[in-house]
Amino acid sequence: MEGTSRGHLVQPPAKKSEEGGGPRAPSPPARPRPRTPLRSMSDAVLAVLAPEKQLVRAVQGLACDRSTRLGSSVQDFLTLMRGGWGEWQSSHELLSPIRAFLTHTKAQLLQSPALELPSPTLLPDHRLDAVLERALHRCVLKPLKPVLASRLRRLHVADGSLGRLRENLRLVRERGSGAFLVQATLPGPADTQRARRKLLQLLRAYSPSTQVTLLLQACKGIYRAMGAAPGMDYGADEFLPVLSFVLAQCDLPQLLMEAEYMMDLMESSQLLGEGGYYLTTLQASLALLGHFHEEELKEPGPDVRRTLSWQHQHPTGQNPDSLCQVRGDALWGIPCYQPVPASAPLHCLQILTSPPVPALSLSPKSPHLCPSIPLRAHSVPSPSCCPAPPPLVPIPSDPCPPRPCPLNP
Amino acid sequence: MAAAGSGAGGGGRSFSFKVVLLGEGCVGKTSLVLRYCENKFNDKHITTLQASFLTKKLNIGGKRVNLAIWDTAGQERFHALGPIYYRDSNGAILVYDVTDEDSFQKVKNWVKELRKMLGNEICLCIVGNKIDLEKERHVSVQEAETYAESVGAKHYHTSAKQNKGIEELFLDLCKRMIETAQVDEKARGNGSGQSGTARRGVQIIDDEPQAQSSGGCCSSG
Chain A
0 MEGTSRGHLV
10 QPPAKKSEEG
20 GGPRAPSPPA
30 RPRPRTPLRS
40 MSDAVLAVLA
50 PEKQLVRAVQ
60 GLACDRSTRL
70 GSSVQDFLTL
80 MRGGWGEWQS
90 SHELLSPIRA
100 FLTHTKAQLL
110 QSPALELPSP
120 TLLPDHRLDA
130 VLERALHRCV
140 LKPLKPVLAS
150 RLRRLHVADG
160 SLGRLRENLR
170 LVRERGSGAF
180 LVQATLPGPA
190 DTQRARRKLL
200 QLLRAYSPST
210 QVTLLLQACK
220 GIYRAMGAAP
230 GMDYGADEFL
240 PVLSFVLAQC
250 DLPQLLMEAE
260 YMMDLMESSQ
270 LLGEGGYYLT
280 TLQASLALLG
290 HFHEEELKEP
300 GPDVRRTLSW
310 QHQHPTGQNP
320 DSLCQVRGDA
330 LWGIPCYQPV
340 PASAPLHCLQ
350 ILTSPPVPAL
360 SLSPKSPHLC
370 PSIPLRAHSV
380 PSPSCCPAPP
390 PLVPIPSDPC
400 PPRPCPLNP
Chain B
0 MAAAGSGAGG
10 GGRSFSFKVV
20 LLGEGCVGKT
30 SLVLRYCENK
40 FNDKHITTLQ
50 ASFLTKKLNI
60 GGKRVNLAIW
70 DTAGQERFHA
80 LGPIYYRDSN
90 GAILVYDVTD
100 EDSFQKVKNW
110 VKELRKMLGN
120 EICLCIVGNK
130 IDLEKERHVS
140 VQEAETYAES
150 VGAKHYHTSA
160 KQNKGIEELF
170 LDLCKRMIET
180 AQVDEKARGN
190 GSGQSGTARR
200 GVQIIDDEPQ
210 AQSSGGCCSS
220 G
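Residue numbers (numbering that gives the first Met the number 0), protein chains in the order written: chain A, 0 to 408; chain B, 0 to 220.
Everything labelled a hint here was simulated from the structure, so no lab data went into it.
All values derive from a computational prediction rather than experimental measurement.
Honestly, I wouldn't trust all of these hints.
[Stated by the list, open to error] Computed, partial: chain B to chain A, Cβ under 10 Å:
id, residue
1, GLY24
2, THR29
3, SER30
4, GLN49
5, THR54
6, ASP70
7, ALA72
8, ILE83
9, ARG86
[Said to hold, decoys possible] Only part of the chain B face toward chain A is listed, based on derived beta-carbon distances under 7 Å:
id, residue
10, PHE52
11, LYS56
12, ILE59
13, GLY60
14, ALA67
15, TRP69
16, THR71
17, TYR84
18, GLY151
From the three backbone atoms N, C-alpha and C, an ideal C-beta is built for every residue, glycine too.
Start from the sequences, fold in the hints, and give me the full structure.
Take a look at the structure:
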């Protein structure tokens, strides 16, 4: 309705901020750098034939060039991240500043007239956003992926979750088809191999967009292998156990880190969609597998669960700030989502602020990526409220197995 | 917490809502949502024709609504996975089978958990499914409706088999989610469009009311 409802990342008309941007000479409608005739020609051809490729290439060029604003901010950020500001204690703390940086940089690029490229005009808005996102993945995530992977791995080795998952995957494989109560056909070895290949590709990819596509392809293959009769569709009741079974066969415990990587680096709008759903399902399945042994140990009767259910463990009068703790409990200690730590480098934190920031002019360097703006995080509990997860609530097996459970009531 | 994703695009407002589907394994959650989205599958879905994740587009009084419906596995052993699914939900549909008292108890557990974790910002719908089996009913209408009212939820009776009460359920839910989103937006000093950052439990609140940045368009996604 009123045109005011756009995101805060939007800045006042970019022209203005460029002029007022600093003492440096106002950039004439950016002329990044001289190009070789050959390069220009191939750019021109690409612009017509493949505007997206052209744009990605241009952004990449700028991102590598320290003399541009984009280049200096990207390179500074990479240096900072590679150096490891060491205070992160969870994957979310490690990764969320990166997502914030991507979002911020993309917003700057989108509204910067200095992005003097012939192609953007050829792309509709939503494509432009997606293409810039991909371009930034290439500039930022590609170089960082190995570092991040090893840090995530270290986190999960240290807290024992990786070893536990690996061990449990073995346990589930030993149990075979009886590990989960599966009502659909279990995929055979060939279908499992196909899914595994997709998941291996996912592990190698650095862009969460690519990864999520591979995940969806793997899931699609699994659904196909489940062989729904015509007119019958599988819901989560059927899919989650089958996925868990397949994941055990695939034996890729590294997915634990990869799922976190994707969850934190995907755009929030994507998280709401199908990709977000299946990524959530992957996380749920890994959580289930990671605690499989605990379920195996205890097989309490149906009422035991009621007395032990976590509502009872955490009486309602509890301080709402304990949300994090309850989550940790309910998720068997799956890391809960926390605000970026206070220890995050200042300019990473500043990136998270949405109020107007001068537009990112791509040519002259400017000392600050963005101005200091006081920041107050929502009252999400601090990491300290997330103690080691309490003992698992024993969960009995499915209460309604004897009844046949047709999909249609 | 997580406000509706909203953004002005073209003429009217548009909202994106996440709705999570909870309930025991055999209560007919999947059939319910399939019935609602029947023949409305989005071909863009890579996993077409499966019922775990469905979307529906609606237009309610000029407001465009994109509904994403997230199914969850209802077996008891998966209960602890609930929070992974319901975080950032705008609405929850809690389904029980009117012929199965236990499934209604299960719904009560979910209500407690959701209220505790997500507060009053999540719109709850309690749904008694399988009313085509009225003769075998084990959960009294009055008990269910009184309970729903006591927890600030709405109660509906449906039959996925006979396609009864389903449209109404979803339409009502959408209207309530729109209202909640708008109230939330106002409360935040007209900070619409903030939804992106509100997700994932990280929310940045600016001290000063937004210097209403007018125009511009960056996040077209």
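Hint check:
1. GLY24: holds (5 Å)
2. THR29: holds (3 Å)
3. SER30: Because about 5 Å separates SER30 of chain B from the closest Cβ in chain A, which is inside the 10 Å limit, the hint holds.
4. GLN49: The hint holds - GLN49 of chain B has a Cβ within 10 Å of chain A, the shortest such distance being about 5 Å.
5. THR54: At about 8 Å, which falls below the 10 Å cut-off, the nearest Cβ of chain A leaves the hint on THR54 of chain B intact, so it holds.
6. ASP70: holds (4 Å)
7. ALA72: Because about 4 Å separates ALA72 of chain B from the closest Cβ in chain A, which is inside the 10 Å limit, the hint holds.
8. ILE83: With a minimum Cβ separation of about 5 Å from chain A (threshold 10 Å), the hint on ILE83 of chain B holds.
9. ARG86: Holds: closest Cβ of chain A sits about 7 Å from ARG86 of chain B, inside 10 Å.
10. PHE52: holds (4 Å)
11. LYS56: At about 13 Å, which exceeds the 7 Å cut-off, the nearest Cβ of chain A leaves the hint on LYS56 of chain B violated.
12. ILE59: At about 15 Å, which exceeds the 7 Å cut-off, the nearest Cβ of chain A leaves the hint on ILE59 of chain B violated.
13. GLY60: violated (12 Å)
14. ALA67: It holds, given that the least Cβ distance between ALA67 of chain B and chain A is near 6 Å, below 7 Å.
15. TRP69: Holds: closest Cβ of chain A sits about 6 Å from TRP69 of chain B, inside 7 Å.
16. THR71: holds (5 Å)
17. TYR84: holds (6 Å)
18. GLY151: violated (14 Å)
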